[in-house]
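Asker: As a plain string of letters, each chain reads:
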Amino acid sequence: MEGVKLNMENKTNSKIDLDSVFSVKNVSVNYGDFVAVKNVSMEMYKNKITAFIGPSGCGKSTLIRSFNRMNDLVPSAKVSGEILYQGINLYDQNVDPVQVRRRIGMVFQKPNPFPKSIKENIAFGLRVNNMTDNLDDRIEKALTQAALWDEVKKDLDKNALDLSGGQQQRLCIARTIAVEPDTILMDEPCSALDPVATKKIEDLMQLLVNEFSILIVTHNMHQASRVSDYCAFFTTKATEDGRRTGELVEYNDTKTMFTNPIQSLTEEYISGRFG
Amino acid sequence: MSNELELSKKRVPLIEQFVKNFIKLSAFGAILISIAIVLTLSTEAINFFQSPEVTLKEYFTATRWTPTFKNPEYGVLPLISSTLYIATIACLISFPIGLFSAIYISEFASKRTRKIIKPILELLAGVPTVVFGYFALNWITPNIVQKFIPGTGVFNAISAGMAVGIMIVPTIASISDDALNAVPKGLKMGAFALGSTKRITALKIILPAAISGIIASFILGFSRAIGETMIVTIAGGQYPELNLDPRRAMYTITSSIVNVSLGDTPHGTTAYNALFALGITLFLMTFILNLASDYISRKYRKVYE
Amino acid sequence: MNSIKDLTKTNKEKSPKEIIFLCVLYLCISIAIITLMTLIFDILSTGSNRLFSDYEVGLVTKQQINNPQDFLTSLDSRDPLKAGIGPAFVGTLWLMIIVIFTTFPLGTGAAIYLEEFAPKNKITRFIELNLTNLAGVPSVIYGLMGLAVFVRLAGFGRSVLSGGLTLTLLILPVVIVASREALKAVPDTIRQGALALGATKFQAIFRQVVPSAIPGMVTGMVLGLSRAIGETAPLIFMGALTYVNYYPDSPLSGFTAIPIQVYNWIGYPQADWKNTSSAGIILLLVMLLTMNSIALVIRNKFEKDW
Numbered sequence: 000m001e002g003v004k005l006n007m008e009n010k011t012n013s014k015i016d017l018d019s020v021f022s023v024k025n026v027s028v029n030y031g032d033f034v035a036v037k038n039v040s041m042e043m044y045k046n047k048i049t050a051f052i053g054p055s056g057c058g059k060s061t062l063i064r065s066f067n068r069m070n071d072l073v074p075s076a077k078v079s080g081e082i083l084y085q086g087i088n089l090y091d092q093n094v095d096p097v098q099v100r101r102r103i104g105m106v107f108q109k110p111n112p113f114p115k116s117i118k119e120n121i122a123f124g125l126r127v128n129n130m131t132d133n134l135d136d137r138i139e140k141a142l143t144q145a146a147l148w149d150e151v152k153k154d155l156d157k158n159a160l161d162l163s164g165g166q167q168q169r170l171c172i173a174r175t176i177a178v179e180p181d182t183i184l185m186d187e188p189c190s191a192l193d194p195v196a197t198k199k200i201e202d203l204m205q206l207l208v209n210e211f212s213i214l215i216v217t218h219n220m221h222q223a224s225r226v227s228d229y230c231a232f233f234t235t236k237a238t239e240d241g242r243r244t245g246e247l248v249e250y251n252d253t254k255t256m257f258t259n260p261i262q263s264l265t266e267e268y269i270s271g272r273f274g
Numbered sequence: 000m001s002n003e004l005e006l007s008k009k010r011v012p013l014i015e016q017f018v019k020n021f022i023k024l025s026a027f028g029a030i031l032i033s034i035a036i037v038l039t040l041s042t043e044a045i046n047f048f049q050s051p052e053v054t055l056k057e058y059f060t061a062t063r064w065t066p067t068f069k070n071p072e073y074g075v076l077p078l079i080s081s082t083l084y085i086a087t088i089a090c091l092i093s094f095p096i097g098l099f100s101a102i103y104i105s106e107f108a109s110k111r112t113r114k115i116i117k118p119i120l121e122l123l124a125g126v127p128t129v130v131f132g133y134f135a136l137n138w139i140t141p142n143i144v145q146k147f148i149p150g151t152g153v154f155n156a157i158s159a160g161m162a163v164g165i166m167i168v169p170t171i172a173s174i175s176d177d178a179l180n181a182v183p184k185g186l187k188m189g190a191f192a193l194g195s196t197k198r199i200t201a202l203k204i205i206l207p208a209a210i211s212g213i214i215a216s217f218i219l220g221f222s223r224a225i226g227e228t229m230i231v232t233i234a235g236g237q238y239p240e241l242n243l244d245p246r247r248a249m250y251t252i253t254s255s256i257v258n259v260s261l262g263d264t265p266h267g268t269t270a271y272n273a274l275f276a277l278g279i280t281l282f283l284m285t286f287i288l289n290l291a292s293d294y295i296s297r298k299y300r301k302v303y304e
Numbered sequence: 000m001n002s003i004k005d006l007t008k009t010n011k012e013k014s015p016k017e018i019i020f021l022c023v024l025y026l027c028i029s030i031a032i033i034t035l036m037t038l039i040f041d042i043l044s045t046g047s048n049r050l051f052s053d054y055e056v057g058l059v060t061k062q063q064i065n066n067p068q069d070f071l072t073s074l075d076s077r078d079p080l081k082a083g084i085g086p087a088f089v090g091t092l093w094l095m096i097i098v099i100f101t102t103f104p105l106g107t108g109a110a111i112y113l114e115e116f117a118p119k120n121k122i123t124r125f126i127e128l129n130l131t132n133l134a135g136v137p138s139v140i141y142g143l144m145g146l147a148v149f150v151r152l153a154g155f156g157r158s159v160l161s162g163g164l165t166l167t168l169l170i171l172p173v174v175i176v177a178s179r180e181a182l183k184a185v186p187d188t189i190r191q192g193a194l195a196l197g198a199t200k201f202q203a204i205f206r207q208v209v210p211s212a213i214p215g216m217v218t219g220m221v222l223g224l225s226r227a228i229g230e231t232a233p234l235i236f237m238g239a240l241t242y243v244n245y246y247p248d249s250p251l252s253g254f255t256a257i258p259i260q261v262y263n264w265i266g267y268p269q270a271d272w273k274n275t276s277s278a279g280i281i282l283l284l285v286m287l288l289t290m291n292s293i294a295l296v297i298r299n300k301f302e303k304d305w
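Protein chains in written order, with numbering that gives the first Met the number 0: chain X, 0 to 274; chain E, 0 to 304; chain H, 0 to 305.
Derived by calculation from the structure, the hints in this document are not laboratory data.
Please note that a few of the clues may not be correct.
[Said to hold, decoys possible] Each computed BS3-like pair below joins lysine-lysine, with the alpha-carbon atoms no more than 27 Å apart:
id : chain 1 : residue 1 : chain 2 : residue 2
1  : E       : Lys187    : H       : Lys8
2  : H       : Lys4      : X       : Lys24
3  : E       : Lys110    : E       : Lys203
4  : E       : Lys187    : H       : Lys121
5  : X       : Lys109    : E       : Lys203
6  : X       : Lys198    : X       : Lys109
[Claimed, not checked] With the Cβ distance kept under 7 Å, some of the chain X side facing chain E (calculated, not the full set):
id : residue
7  : Ser22
8  : Val94
9  : Pro96
10 : Val97
11 : Arg100
12 : Arg101
13 : Met105
14 : Lys109
15 : Asn111
16 : Pro114
17 : Val178
[Stated by the list, open to error] Some chain H residues judged to face chain E by a derived CB distance under 8 Å, without partners named:
id : residue
18 : Glu12
19 : Pro15
20 : Tyr112
21 : Pro210
22 : Ile213
23 : Ile235
24 : Tyr262
Predicted model, so just to flag it, every value in this text is computed and none were measured.
Ideal placement from N, C-alpha and C gives every residue a C-beta, glycine not left out.
Okay, chain X solo, but in the shape it has when bound (with noise of 0.2 Å):
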């Protein structure tokens, strides 16, 4: 009987001061009657990677889209179980779900910059959020932290869907920071990228860290051994009709999970088994 697999007991750091972000208890993400992810439990720290791996179809991205009540924008979607962000309950009916959206800042697989200009794509955030003071510093300072001033500030109003998807991505992230969010969820941020620019991406997160907490979404294990701290693997397990539900097998601090994996089937998967 899988289920849950709360790890802290065997994190082999010492007892580092962790600061919890996201406190996940027993969350499932239905739509309609499909049951997309089952009883996920698990924290997430503060200014940490943390990577959703595993074989897709395993409700990955549905689960970070609850992070954010992305997930109210799909009438069949429920959300049940408690998703805690630094104490406070996210589905509470008093929590604004407009107002998660700022805090909790979401990058697509899609880069989806608007068909504005680089420096309306930044300032449509700042002015939906009211942090139109100093607009052109804030906007520098998103492009700088997204490792973009230096290609793009000769000519911000270029239209954005002129750079290339390297580029665009990047000023995906620049706007969602340029709202000052705590917390990044990323889901496969580079799927659609070349190698270069993914290396570009991964090295910027490092970076990004350091101010945000991040999460993300990755079907390249590699890429989640090579980026994240922690780790949380997923698998699918069939249901009587037939339909295939998403579950948390394992998860551990990064390196422990590639070295010394505790389930058997994220063996399997690090191995390339399968996925």
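Put chains E and H on the given structure of chain X with help from the hints.
Answerer: Relative to chain X, chains E and H alone:
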């Protein structure tokens, strides 16, 4: 059956040839229809302009259209002005109602609500124009216009304009809805992920991205308003002089075509030919607008890809 | 930095600007819907006055016209309470038959050619461009063209044939587009499969693709037809406006049609004519509703889920 390998082409049966030619002719018939329209309108229109009583100058500058009077006057100006006037009233009503309805359907309504509202709009689109004309004359004029705007006659441009406006709403709404839905979902998600509300996302992100389709729908709506016949004939009345007071009757190009033919005008008379002059004027106006609409929707469509 | 408590302080989707905007949206959609309802209600109430009323004439003779059948079968009259829509109804039926028999072959034929056989060259694009333009031409222009071509040139005179042919040309672009959509919906694997069995292109198209597309084509025909029977402007030049009070007996006979008759009645000033016009409109709307329902049934029952 022979056992030899028969790979040479078989003879095409007669019926196949016949059908192939038939469908080809049918398709080319489209060109034929266009030619027929342009030819018939032009030849009679040319006859009109060549008649002794009519000069091009008079056509475009005189301020009365009275072809059946004893001393006929052939000024198209009052007709064009009335046509544009009523069309403008119609668009002032239909653009906001149509566009906001489209925004509601595409960005705010639940699936269930959409399933109810879209058929209702299609129903509205299927109402024959003579019914709208009846509605304008017998309901809108007494119950709305005459109640709130003093001095309005039984035949007036406001009622006609309102009815034409409502008639066009489904056109604007459905084309705009298509344009809004064609915007890639990634843009919407990106905006929400930054903490944007539905309203801001709809107005600042989706609407601008769909603007070419929306403008194309506006132009198309305007073109339809100009070409509308029965509503303005029934509710707009006749007033062959230049009139800028919407509370009184206004005589459009289309209603004057209808009214002249009512008199059973004999072929070959100037009045008969005048119909075609009006026809070609109307045709050119709507043709140019339709081309513009098509061009805009095509040229600016891929801006966000 | 804002504290985490900000998450519970606001509800941005419920802020005034959002609510006002939502109200504007509701208002707009309501205007459209309420107008439709008002229209239908007004027509039903005034029309039923005419269709279900008793009428007594004189002190000695009593006539009762109180059911829709009489309205349907009576001739027009100077008396709004006696005027019936018989000739116009039959005229419309004649028009429908002519339209069906000319539009269906031409429309579906052109669609099949354009969709399946036409080479993708400039000429084909030109044809398609023409069709798009024709769809936007005001119906009164088709009337003028019909007057010149069918009434005069072809010598059909002001007859139901001229009217029907004019209507055909009017709805042809619509029917062609609908038929093309129906053909597009047939998956390419059907065509490939037929060809792979040794069928010629002609056989593959006409024996496999077209039969699968027939429900969609019929639906398109019905929708085009429902547009045609509601049209008034193109028929005006067919002399249908002059006081025609007889049933057409041949394609070359004079005629009147429901929308024309209604238009005439609307023009009469006496108050009772309002009810009569409404009654005519009810008939028209019932016919449209029936036809659209048939189209829906065909679509649901016969269209395949590939």
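Asker: Hint by hint, note whether the structure agrees.
Answerer: The hints, checked one at a time:
The hinted pair formed by Lys187 of chain E and Lys8 of chain H meets the criterion: a straight-line CA distance of about 25 Å does not exceed 27 Å. Under the criterion of a C-alpha separation no larger than 27 Å, the hint pairing Lys4 of chain H with Lys24 of chain X is consistent with the structure, at around 21 Å. Annotation: proposed proximity of Lys110 of chain E to Lys203 of chain E holds, straight-line Cα distance about 23 Å (limit 27 Å). Proximity of Lys187 of chain E to Lys121 of chain H is assessed by CA-CA distance (about 38 Å); at most 27 Å being required, the pair is judged violated.
Pair hint Lys109 of chain X plus Lys203 of chain E holds up; C-alpha atoms about 21 Å apart against a cutoff of 27 Å. Restraint check: the Cα-Cα separation between Lys198 of chain X and Lys109 of chain X comes to about 16 Å, which is no more than 27 Å; the hinted pair holds. Look at Ser22 of chain X: its Cβ only gets to about 22 Å from chain E, farther than 7 Å, so that hint breaks. At a threshold of 7 Å, the smallest CB-CB gap from Val94 of chain X to chain E is about 13 Å, leaving the interface hint violated.
Interface hint at Pro96 of chain X: violated, since its Cβ lies 9 Å from the closest Cβ of chain E, which is beyond the 7 Å cut-off. Contact between Val97 of chain X and chain E, as hinted, is supported at the beta carbon level, the nearest pair being about 5 Å apart and thus within 7 Å. Here the hint on Arg100 of chain X is kept, as its CB sits about 5 Å from the closest CB of chain E, short of 7 Å. Contact between Arg101 of chain X and chain E, as hinted, is supported at the beta carbon level, the nearest pair being about 3 Å apart and thus within 7 Å.
With its C-beta approaching chain E no nearer than about 4 Å, Met105 of chain X sits inside the 7 Å limit, and its interface hint holds. Taking 7 Å as the C-beta contact cut-off toward chain E, the hint placing Lys109 of chain X at the interface holds, the least distance being around 6 Å. Of the supplied interface hints, the one on Asn111 of chain X holds, with its beta-carbon coming within about 4 Å of a beta-carbon of chain E, less than 7 Å. Hint status for Pro114 of chain X: holds, given a least beta-carbon distance of 4 Å to chain E, under 7 Å.
For Val178 of chain X, the suggested interface contact is upheld, since its CB lies about 6 Å from the closest CB of chain E, less than 7 Å. For Glu12 of chain H, the interface hint holds, the least distance from its beta-carbon to any beta-carbon of chain E being 6 Å, beneath 8 Å. Among the interface hints, the one on Pro15 of chain H is violated; its C-beta lies about 11 Å from the nearest C-beta in chain E, farther than the 8 Å criterion. At about 4 Å, the closest approach between the beta carbon of Tyr112 of chain H and any beta carbon in chain E falls short of 8 Å, and the interface hint on this residue holds.
For the restraint placing Pro210 of chain H at the interface with chain E, the shortest Cβ-Cβ distance is roughly 14 Å, beyond the 8 Å limit, so the hint is violated. For Ile213 of chain H, the shortest C-beta to C-beta distance to chain E is roughly 15 Å, which exceeds 8 Å, and the interface hint is violated. Because the beta carbon of Ile235 of chain H sits about 6 Å from the nearest beta carbon in chain E, less than 8 Å, this interface hint is met. For Tyr262 of chain H, the interface hint holds, since its Cβ comes within 8 Å of a Cβ in chain E; the closest pair sits about 5 Å apart.
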